[in-house]
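Asker: Start from the sequences and build out the full structure, keeping to the hints where you can.
Protein chains in written order, with my numbering: chain A, 1 to 172; chain B, 1 to 269.
No wet-lab data here; the hints were simulated from the structure.
In this text, a Cβ means the ideal position worked out from N, Cα and C, and glycines have one as well.
Any given hint could turn out to be false.
Here are some chain B residues pointing at chain A (derived, C-beta under 8 Å) [unchecked claim]:
#1 Q11
#2 S13
#3 G23
#4 A28
#5 S142
#6 T162
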Amino acid sequence: MQGIKAPDPGMDEQFRDLVEDYQAPLLKMCYLQLQDRGLAEDAVQETFIKAYRTLPAYRGESSRKTWLIRIAINTCRDMQRSGWWKHINRRVTPEMLPELSRGISEDALTVNLEIARLPGKMREVVLLYYYSNMQITEIAEALGIVPSSVSGRLRRAKERLRAALKGAYFDE
Amino acid sequence: MSDQRDRRFVQASIDSGLSSLGGDPRLAQRIMGLERKERNVKKKLSAGVILVIALMLATTSVAFAMSNGFGLLDFFGGRRGRVEIPDDAAQYIEHDLKTVECEHATVVFREAVYDGKTCRMVYDVIPKQKDMLLFDCPMDDSWYGLTHLNADRDAMLADGRTVLDAYYEGGYASAWEVDIDLNDPTEQEAIDQYGGLGGVLNEETGVYTGTLEIPFDAIRAERTVAVYVRLLPLTDVSDEFSYDYDRAEIAAMEYHFRAAVSGELSTRS
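Answerer: Dropping the structure here:
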């Protein structure tokens, strides 16, 4: 066994900043993806563990946010690939999202529910585009798909969300 | 303008709606502490691991010749992989394990290795008609990504085609999604935790090569695993890509692993 390396204070500081900046938004994103608080917390923890391990090799080829979100998306996908996930009924009702506050506006409640109800691949791009404020090319990079696929999924998702919100948002 | 408005609306709705999800203020410290304890502790595959697999059916060399040829070392040791492969690992891989016939395809379970904790497998789905498209992803995913083992991102972006584009342009008569289910017949329960590194489609031969990785919680010298490769015919490509579950074809096989000495393939960070 090799000796334990001394901690790198510069890297540790970077990592602390990463967790402080992104833990809460990642947790919300993973919760809408996985629809379970425990799973979402596991996914976020796993994401940051992977990030900590690969931080020394991170060369800034993509932004920190894109890099971290890619790890989180793949972690959620791994969880969703399980046999349990595939066989359960994923029709989302408000009762299935106990963390969702009822003290918000009807439109806000609706958009949270409708995002949770989207098919997984559509939900990913909606969360990355609208919640994480990423551009089409960044999303394509994070998901490993071509930009036209991102645009196509966004377009179809917007149609659903527009209908659910009775045209108040997500104009054509 | 409306895009910015929609973004602000979604961000505010999710942040206020899920305000109870704030996270753990000690998460960074906890992770750094745990990782320092575990860093540089790698469990390598012991040279003494002996892999014995009970073969259930005779294999066919014709099926192997039709395959893509990509094996465990190509997938798990390559750019997709995250496993440190010891130099002598090839000797522990069992080849041409079992072949199962379905109406529209032949499924060859071509390579596998079990080290007492994790099972890794490669299988080929060989279509019986040339105009069958096999895939394992949404049809709006990259065609280049599906057809290349180590997909170069720039090349993928340059190609730009989706699987759906290739389905239309390639003159395919049918499209089938390749899916996997697992079961432990001795415990009579589903195996929930598994993954893989995706698959690769050989555009020329139409053969799809898939991967499977099953990490078990406990180290056990022996295990039985039932693998079901399911082929789902696609019926609708308009929106959510519907499948005809009634016509699904299943290639099933049961696998008994025995590892004389248990070890664990190390993982890259």
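Asker: Confirm or reject each hint.
Answerer: Against the structure, the hints come out as follows:
no.: 1; hint: Q11; in the structure: holds (6 Å)
no.: 2; hint: S13; in the structure: holds (4 Å)
no.: 3; hint: G23; in the structure: holds (4 Å)
no.: 4; hint: A28; in the structure: holds (4 Å)
no.: 5; hint: S142; in the structure: holds (5 Å)
no.: 6; hint: T162; in the structure: holds (6 Å)
Comparing the model with each earlier hint shows no violations; every hint is respected.
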